[in-house]
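Sequences listed follow chains P and V, in order.
Per the working numbering, residue 1 is the first one in the first sequence, and the count goes up by one each step.
Per the working numbering, residue 1 is the first one in the second sequence, and the count goes up by one each step.
Heads up, a few of these hints could be off.
A few chain P residues that face chain V, going by a derived Cβ cut-off under 10 angstroms, partial list only [as the list claims (entries may be wrong)]:
#, residue
1, Q80
2, E83
3, E86
4, L88
5, D89
6, I184
7, N186
8, K187
9, P191
A few chain P positions that, by computed beta-carbon distances, are all more than 10 angstroms from chain V [unchecked claim]:
#, residue
10, Y27
11, F41
12, R106
13, L130
14, A149
15, R163
What follows is a list of derived Cβ distance ranges for each label pair [as the list claims (entries may be wrong)]:
#, chain 1, residue 1, chain 2, residue 2, range
16, V, G30, P, E206, 51 to 59 angstroms
17, P, P172, V, L211, 43 to 51 angstroms
18, P, G169, V, F32, 54 to 62 angstroms
Calculated directly from the structure, the hints in this document are not laboratory data.
Quick caveat: nothing in here was measured; it's all calculated off a predicted structure.
Cβ coordinates follow ideal geometry from the N, Cα and C atoms, glycine included.
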Amino acid sequence: MAEMLSIALPKGRLGEKVFELFSQAGYDCPELRRANRKLIFENPEAGVRYFWVKPSDVAIYVERGAADIGVAGKDILLEQAPEVYELLDLGLGRCRMCVAGPRSFRDDYARTLRVATKFPHIARTYYGSLSRPIDIIELPGSIELAPLAGLSDVIVDIVETGRTLEDNGLAPLTDIVPISARLIANKARYPFREAEIRTLCTRLEEILKDERSPL
Amino acid sequence: MTAALTPRERVSLALRELYQRYGYRQYTVGKFEEYDLYARNRNFLAGEHILTFTDPNGRLMALKPDVTLSVIRNTRAEGQTRKVWYTETVYRVPRNSDGFQEILQTGLECIGAVDLYTMGEVLMLSARSLEALGTDYVVDVSHMGLLTGVLSAAGAPAKLTADILAAAGEKNLHTLRALCAGAGLPAETVSLLLELCSLAGPVRETLPALLALPLPAESRAAAEELATVCATLSAFGSYPVRLDLSVINDTDYYNGLLFRGFVDGVARPVLSGGRYDHLLQRMGRPGRGIGFAVYLSELERLLSETLERDADTLLVYSPEDDPARVAAAAAALTAAGGSVRVQLRGEDGVACGRKIAPDGSEVD
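Please build the complete structure, drawing on both the sequences and the hints.
See the structure below:
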């Protein structure tokens, strides 16, 4: 029997939506629907093996070939810059990478800008493209607190609805890049699994096209 | 019986024999070189980090992060083609890694008169290098002129060209479409780029499709060159070669034919190569260049055999035993073709097929 295609899915709400999409495309896995604490699920008939992976780890699993393909947010791909193919924009989990700060914020070019973020690489690249000197303050969470407490001038973070920002007197100031879930593939596995991966892409694209077509 | 050569040594030997059979001479470089060589060609090197130190004369030196630059620097004679191969350790910080690693690579360079035959020969040697690993492999080939030809015919500026090549390198067609739309490239250019990037598969099937596309002059010349090189390659034999335009590299250094090799079971490319005439020009050297490197370090897991036992026989002796008798027993065992580990009774931690005493009796 042919080797199963291994797929790294991001744990959580996005991963569940992605799994529904894959199921619709013919890659269902009944074992995965039964709630339990397993991390690996297989459906030999559909030729797939799924892993639940921490969202920020998906690209690592794929880049290092532990999974043939996976689904990762564009934020993770921009931040980690893994050596992978980015085959499809699944359009799920849409949000924006933004510079946010106090509504009254005015950039003072006489000073280095203090930027708090979970995404230092994205922030550095963005401000580098503007030749704006910055001081990166890398924080693992609660980024919104940084400008409120005077730790930073602005933040670079993902904005979905903007509600958290608004509740804290902050606002998105500039959009850096739109974010959504992307289908990625390991470059060295691709030539050996090309037929299966292409079939999967085509099926996913058909479903996405139907969903996006105007009413 | 324990094999005399490890799988890695066997592969190294097979590669040496292969390259020498086609008249490539071994090239040996020292461990370090003047830092200046790398500083001037930093973008050619995959990583930014170089291990440096100052020599007794105050010169800044670097532990070699690359061999190709040294081979080129050593190339002076005009009108004479150099064909060399090397096995060297280079010192680099791999992508997404936070420390220097010693990376063992074997490579081959041909500098001087690089023509269609030479490209076919080097491509064949790259395929046979992977064949020597004894597992499924594939060589992806591309030609820089295919995409750059379409982009220059459409008048795409340098930044857009670089961004589109990067998207092609990721098979990221959604970003490629968005870049083209943002730059207002004509519809026929966009559809040609998308068709080129979607063409991936065995050259037997994809080359005819490539040649049938309405390509601008530069791209057509590239496609025809690729077709001739592949025909030359097939005269050597049949190899699993795919056309894949996601094989791209820095246009400041590389031009023309590019290729990348993968083996089943290894998560990263194990071979990378191509034409680097631009690098030669930048370094003020005449002629054309082509070469490739096989990343032997990437093959570590594929080539390392799990040692199930330290020796065929464990010969245990007591402090009272006559050393000459122990030696005679050990010599008899090795003379019979087996391997033996000799040690004092009572020590643990050695895995052997059987355990005997100097008088030949089995020990529990």
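Against the structure, the hints come out as follows:
no. : hint                                   : result
1   : Q80                                    : 7 angstroms, holds
2   : E83                                    : 6 angstroms, holds
3   : E86                                    : 4 angstroms, holds
4   : L88                                    : 7 angstroms, holds
5   : D89                                    : 4 angstroms, holds
6   : I184                                   : 9 angstroms, holds
7   : N186                                   : 6 angstroms, holds
8   : K187                                   : 7 angstroms, holds
9   : P191                                   : 5 angstroms, holds
10  : Y27                                    : 20 angstroms, holds
11  : F41                                    : 22 angstroms, holds
12  : R106                                   : 29 angstroms, holds
13  : L130                                   : 15 angstroms, holds
14  : A149                                   : 30 angstroms, holds
15  : R163                                   : 28 angstroms, holds
16  : G30(V) to E206(P): 51 to 59 angstroms  : 58 angstroms, holds
17  : P172(P) to L211(V): 43 to 51 angstroms : 50 angstroms, holds
18  : G169(P) to F32(V): 54 to 62 angstroms  : 57 angstroms, holds
Figure legend: structure checked against the earlier numbered hints; every hint is met.
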